[in-house]
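J.: Each chain, written out:
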Amino acid sequence: MADKNETILAIRDLKVDFATPDGTVNAVKGISLDVRAGETLAVVGESGSGKSQTMMGIMGLLARNGTVTGSATYRGRELIGLPPSELNRVRGAKVTMIFQEPMTSLDPLYPIGRQIAEPIVHHRGGSYREARKRVLELLELVGIPEPARRIDSYPHELSGGQRQRVMIAMALANDPDILIADEPTTALDVTIQAQILKLLRSLQERFGMAIVLITHDLGIVRHFAERVAVMRRGEVVEQGTTADIFERPTSDYTKMLLAAEPHGRKASPPDTAPIILEGRDVVVDYRIGGGLFSGGKSMFRAVDRVTVRLREGQTIGVVGESGSGKSTLGRALLRLIPGAGYYRFGTTDISGYDRSRMRPLRKAMQLVFQDPYGSLSPRQTVGEVITEGLLVHEPDLGKAERDRRAVAALKEVGLDPEARNRYPHEFSGGQRQRIAIARAMILKPKVVILDEPTSALDRSVQGQVIDLLRRLQDTHQLSYLFISHDLSVVRAMSDYVVVMKDGRIVEEGETDRIFEAPANAYTKALIGAAFHV
Amino acid sequence: MTDFAATPVSEPPKTVSRSLFQLALIRFRRNRAAMAGCVTLFLIALFSFVGPLFVPHTYDQVFSSYVTVPPSLQPRPDTSTLQDVMEGVAGRARVNLDAFAVEGQAFTATISAEEPIDPRATRYFDRANEFRDTKIDATENDGRVLKLSGQVSREYFLFGTDPNGRDLLARVMLGGQISIAVGLLASLVSLGIGVVYGATSGYIGGRVDNVMMRFVEILYSLPFVFLVVVLVVFFGRSFVLIFLVIGAVEWLDMARIVRGQTLALKRREFVGAAQALGLSDWQIIRRHIIPNTIGPVIVFVTVVVPKVILLESFLSFLGLGVQAPLTSWGALISEGANNIQSAPWLLIFPSILFVATLFSLNFVGDGLRDAFDPKDR
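Chains as they are written, first to last, in our numbering: chain A, 1172 to 1704; chain B, 3 to 379.
Chain A extracted, bound-state conformation:
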């Protein structure tokens, strides 16, 4: 084990600049950080704070228009400005990195065994055959079941958590000194997230490498890191031990971040409130495979006899891991995808409605998506985006009236009305999500299905969006179906919770009851993983 106080990576006055058509963007403005042997340093900050770019700059992985200046020394050896061939002796061997997206950081064309062997063969020489034994060890180490069989699997045969384990195995292949983990668990379900973090911790105990954890999730930092550096707008605003930062934050920004955990609760509507949207015994089957001539078609049941009753003014939180069928349920309730069962909107039976008969009702039933980057067409101005629904539902409106409503809707979601002449790519994630909400609200809906509306956002922005959604609910007497895997957000938003697993409801009840006294084992595991990392 290395000496705990030895500094192995010293970053001094590191700057990362990007040349853009609008001039130079200073992503990182001269930061200094030390990574000591065997410690866990968390770099915390919101998206755009430059935390990833710092590490990318050191590893020589910046986009083409990026330049890095300053100094980063690994055990006395300067890394900045090294030619790639020299740098390769350090990166991938002594300093390794794992990324956020385990789906895309593995090459789909090669079996995982070969991909793990690649850094070994590259840095130590030898053949892939010789490396195989080491690969098996590594797979065992990161807890992949049946490594001998899995070694020849392709990435698509593994789950997200397993892929992240494979990435970790790759990073560990050459006994690194420093493991840079760039949001390693953000794309994973909460239960998997906890497992991966546990794995990282146990590996660190065994091998004594330093871990640089880049994250925006303060919950992880609190339980996992020894020291924390808080970054904002390319600068380190505060650094210190985890205890210091969490107990005695000095900068306003850190305080704000700590306070950004969603809180508050919503008052339940009376039990007598009329049911506005109901789905009884909802079943959705997906057909897998089957072309024009091939006969064999198999069915996959995404939602299995689920019953949901949404009252006026109520928020139902739908919780579950990815693949549990919660998003499918939301779309089935809006009749956007075909599903069996009985559906009712207000007092109208809409079970047999097709697309054209649903069209007039769409005005009252809206949907907000998870990904604020994907849910706005990049070729339309914001004004066009949000007034599009009016073209369908109120075709008689004049241009001036549509514009007036767009202004009102943008004001309502807290955006500058000038935004309507701009394009979506000019806005941040939180602003885009507001635009998406404005698009739904301009139609004055009664029911809004919120499909992970905050999952892609930073914590502090999440809080703002949740406040906005609550305020809109109050003003317009909206009913929400709030789909999320983030339990703390669900807790703050909903007054009734439905827990789904494999297309079925495993438990449902009042929010407090579910969180305080979960009855089902799965619910317990979910809540355990979310609140006690």
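One or more hints might be untrue.
One-sided and incomplete, this derived list gives chain B residues near chain A with beta-carbon spacing under 8 Å [to be verified]: (1) 21; (2) 54; (3) 66; (4) 274; (5) 275; (6) 276; (7) 277; (8) 280; (9) 281; (10) 286; (11) 290; (12) 298; (13) 300.
Hints were generated in silico from the structure; no laboratory data involved. Every residue gets a Cβ at the ideal spot worked out from N, C-alpha and C, and that includes glycine.
Go by the hints and put chain B onto chain A.
T.: Coordinates of chain B only, in the frame set by chain A:
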């Protein structure tokens, strides 16, 4: 945080608002090769379409005195050869040439014969491309000796002439007009059909997609020449038909590309949002799918244009394309290839322009692809 009026969302930066297209344009402008390609294309278009105004010869004007002359910056005829030419003319007019002199642009000649010479004999002189405005200055010896004077007409053939004595410069310009027009129009036809077909097929999906794509594959399997021959036989041969035919064949690739794009796009959430808003399929295709496929489509068009120009030359080569005296670069090149040993300039000049056009289009295509590549954003 609970009060929004108190904590307004951070103001969008006060920069000029730019659409994705404008951003792409900015990136494109920074690409030197692509900009050079643009300039070259512009110059070639200018040469082909405006050039004929400055060339005194038309593309179908035959200079029988200048058959297959090599390109030269000197005007024709050469003073040294005029004597021979004059003797030839005198021979045809059955007169003797007694004296011949050239001074600047004018010439004087004395001709004689046994019998009195018919004054209309001057027409023999005018008929030669080299002389014009021949008139009789004096008649001697009862018309047996005529003193003539006239102008030497000097012609420039910068690109030389072809075996029929037509000015290659004018013909290359005409060929450029036709090739560029066919390239652009046929590409537009293929663009129109391909984008609508591909987007519809990809967006609706399922059985419709299957049937539509199988139809495309059937068309793919038909030999192109066969298709063209059939169409030409049915509709007769015309200029409009050429680009319709080529466009009607080239849209297949376009349809596949757009369909692929559409398949990716229709899983994007903004399409889901449009469905939730209640837009009809056609509205979604028109408002969301097609505008978002435009990047790859524009790039592909720059590849289709040269391909179409080549196809047209192939058709002309088979005798199914434009017919003489009209011509295209392809036809000129195939003609030049036949005379490569005796008259290499017939191949060189159209080829240079053709190659320059193709290169420029490719550079522009590369530039556009980079400019529209969202990963660079």
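J.: So which of those numbered hints doesn't the model satisfy?
T.: 2, 3, 10, 12 and 13
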